[in-house]
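S.K.: Each chain, letter by letter, is given below.
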Amino acid sequence: MLRLMKRTHLFLIPAILTVFALPAAGGTQQTAPDPRWRPWLGCWAANDKGSVCIVPSASATAVELVTLSAGKEVYRETIDASGAQKDRIFEGCVGWETGLWSGDGRRLYLRSEYRCGNASVRTGNELFAISPTGEWIDSISVAVNENTGVRTTRRRVVPRPDAMQAEFAGLVPQRPASRTDTIIPPIGFAEIIEASRLLDGPVVEAWLGLVKPQLKVDSRKLMELSRAGVREGVIDVIVALAYPEVFRIEPAAPAPFAPLVAAPVVAEPAVAQQVVIVEPIYSESVYVRYPGENCRFDLNYWDRCDGWRPPREVVVITGGGKPVAPPAPHGRLTKEEGYQSGESANKNGPTKASSDSAATESKTEPKADSRNDSKEATPSSPPPAAPPEQRTAHPR
Amino acid sequence: MQFRAGWKVACKFLWTVSVGAALAGTPALAQSNGDGFLFSRPHGLVTIRTGIDGPRADSDIFSSFTKNLTVDRRDFRAFNIAGDVAFHLRNRLQAYASVGQSRSVKSSEFRDFVDNNDMPIEQKTTLSRVPVTLGAKFYLTEPGRSVARRAWIPARLAPYAGGGAGMMWYRLTQKGDFVDFDTMNVFPDTFKSSGFAPTATAFGGFEINVHPRFVLNFEGRQTWAKAKLGRDFSGFAPIDLSGFAITAGFSIRY
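Chains as they are written, first to last, in the numbering used here: chain B, 740 to 1135; chain Z, 69 to 322.
What the hints contain is simulated information worked out from the structure, not anything from laboratory work.
Computed from a predicted structure; not experimentally measured.
Just so you know, even glycine gets a beta-carbon here, dropped at the ideal spot from N, CA and C.
Any given hint could be a false lead.
What the hints assert, rightly or not - If you only want the chain Z side, here are some residues facing chain B, beta carbon under 7 Å, derived: (1) V153; (2) H279; (3) F301; (4) G303; (5) D308.
Claimed, not checked - Derived DSS-like pairs: lysine-lysine, alpha-carbon spacing no greater than 30 Å straight-line: (6) B:K951 to Z:K294; (7) Z:K260 to Z:K135; (8) Z:K294 to Z:K135; (9) Z:K135 to Z:K296; (10) Z:K243 to Z:K294; (11) B:K960 to B:K788; (12) Z:K192 to Z:K135; (13) B:K960 to Z:K243; (14) B:K1074 to Z:K294; (15) Z:K192 to Z:K294; (16) Z:K296 to B:K1074; (17) Z:K296 to Z:K192; (18) B:K1074 to Z:K192; (19) B:K811 to B:K788; (20) Z:K294 to Z:K260; (21) Z:K260 to Z:K296; (22) Z:K192 to Z:K260; (23) Z:K192 to B:K811.
Please construct the entire structure, taking both the sequences and the accompanying hints into account.
M.R.: Right, here's the structure in full:
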C-alpha cells in the first residue's frame, strides 16, 4: 500500500519525483543484497507488455523493483524484507507495511494496512515465491472493508534491457531460467502453516495451486492443520493436491506469455469507490499491483481488473480424475407417451445431448438396408459385418 | 419367486430363533438371570423382525407398469427385515428407533407386444424401500412386574401399539428391453429413480415371553410415504411407497 501511495505521489507531483526519486535510484550506493534475494534479482515478465526488474538497493535487506515499459523505466519502488514494520502516512491514511522472509528464506511475505479518515481499512497481503519451473509467483490480496480482491501473476526471467544493465553490473550474474535449485527443500506442512499464519487464505491457495507440492494427508494431519489455524480453503487445496485423481486445481494465473483467453463480455465496468486502492498511474497496465478505479471485486467484472478477481473456489471435483464420457443414450418413461428411447426422448425433451441421438440413430438403422449393403459386397473381399439388426415390436 | 425365497429365509430365521430361545435356559445364560425372572427391570429391547411387506402401489407409476407390463400390484410384495432398538421411558412406554428394508424384484414382459422374432420383450422391475423411524411404543398391559428390588418377572403375553415418523429411502429400477411407442423400436435401457421421503408409521402386535431375556414378537405395521420420481419417470405423480408389513421376530431384553 505504501508503495502504491509512493507511486501516486510520484504521478501527482511529477516534478518533485523527477528531481527527487530518480536521482535517489541512480545515485545510491548499491549494497550486496541479502542472499535470499538472489533468486529474484533479474528481470521478469508475465507477457510482452512490459517487464519488471529487481535490482539491489542501498540496503542489504531491500531491493528496488523497477517497472519498465517498452524498455524504459516508468516506476521504481523499494521492497524491504527486514521484517520491521514501517509506519506510513499518506493523504490522511495512517498505515504500515512490512516484509518478512519465510523461515527457510524461500518466500517473502509482504503485509500492509491503512486506516483512512472515512474509517475504511485497507489491508494487503502478498507472497513472493519461486515455482519449481523457475517462475516468480506473485500473489496478492487486498481487502477494503468487507471487499477482497486477489491477483496472482506468474513471471519468467527475460533478458535485461540495456537500460538496466548498469544496475546489475558487477553484482550478480544473469540468473538461469530454471531455478529449481532454489526450492529445495520441498514445501511441507510447516511452510504452509507459516504462510497461513501470515497471509490471507486465497494468497496461500494460489501459491500452493501453482507450486503443487507433493503432500500426503490423513485425518490426523488435517486436524493438526485445522488446529494450527490453516484456513478451510487452504486445507481444501491440500486435500486436492494429495488426491489428484479426485480433484483438480484451477491455476490461479496463466503461465507467463500464455495466449490470452478472451474474457466474457459484460456490462460497462462499474466504479465502486469503496474498493479503489489507488488511481491508475499507467495508461497501459504493465505492472499495476493494485486495482484501478475501473474495477470492482465483483464476479461479473473481475476480468476487467487486470487480473484482479474476488476470492473463489479453486478446487474442482473431477469425478475421480477420469475424463467424463458423454452420457449414453438414455430413455425415459412418460405418463403421456409411455416408454421412449434416448432418441425419442431427445426429440421430445430438452435434457438429452445431440450426440446421444446420433449414437442412437446409428443403432436404429433398418434391418432391410443392412442386408442390401452386405449383398453388394464383392466376392473377393469378405462382406463387412452387418450392423446389428434393429429389434422392433409388433402387437401380439 | 423373490417373495417365496424371502419367506423361506424368514422361516429359517424363526426356526433359528426358536432354537435359540430353547437354548436360553442353559446354565451359562441362566447366570444373568434367575429362574424365570431378571435381577432388575430391563432397560429395553433389541428386536430383529422378518416377514412380508406389501406396498400399496397406488400411484400412477404402478398403473403404468401394470398396464404395459405383465406386472401386478401384488408383485411388489417383498421379504422384509427390520431391526428395532427400544428403551423404557415409563412403566409401559418405550421409545424406539427402527430401520427396515424390503426389496421386490419382478421379471416381466410387455403385455401387448412381442418383437420381430415373436419373442417376449422382457425387463425387470426392482423396488427397494428402507424406512428409518423414531417413535413410541405403548404396552397395553404390563410387560412385567417387579418383585421386591432384585427381581423382575416378565409377563407371558404383552400386547402393544405404537407409532412413529422418519424418512424412507427408496429406489425404483427398471432394466431390460422396452418398446419405444413412437417408433416401435425395441431398445435396451435402465430407468432409475431414488430418493428420500418423509414417512409415518403405526403398528400393533404382541410379545410372547419365552425366557427372561428372550421374547418372540409378532407385529403388523402400516407405513405411509410418497416420494417424487426422478427424470427417468416423467409426468407421474409421486410414487406411493405406503404399505403394510406383517412380521415375526425375536427380541432380547437388555
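S.K.: Can you list which hints this structure breaks, lowest number first?
M.R.: Hints 1, 2, 5, 6, 11, 13 and 23 are the ones this structure does not satisfy, whereas the remaining hints hold.
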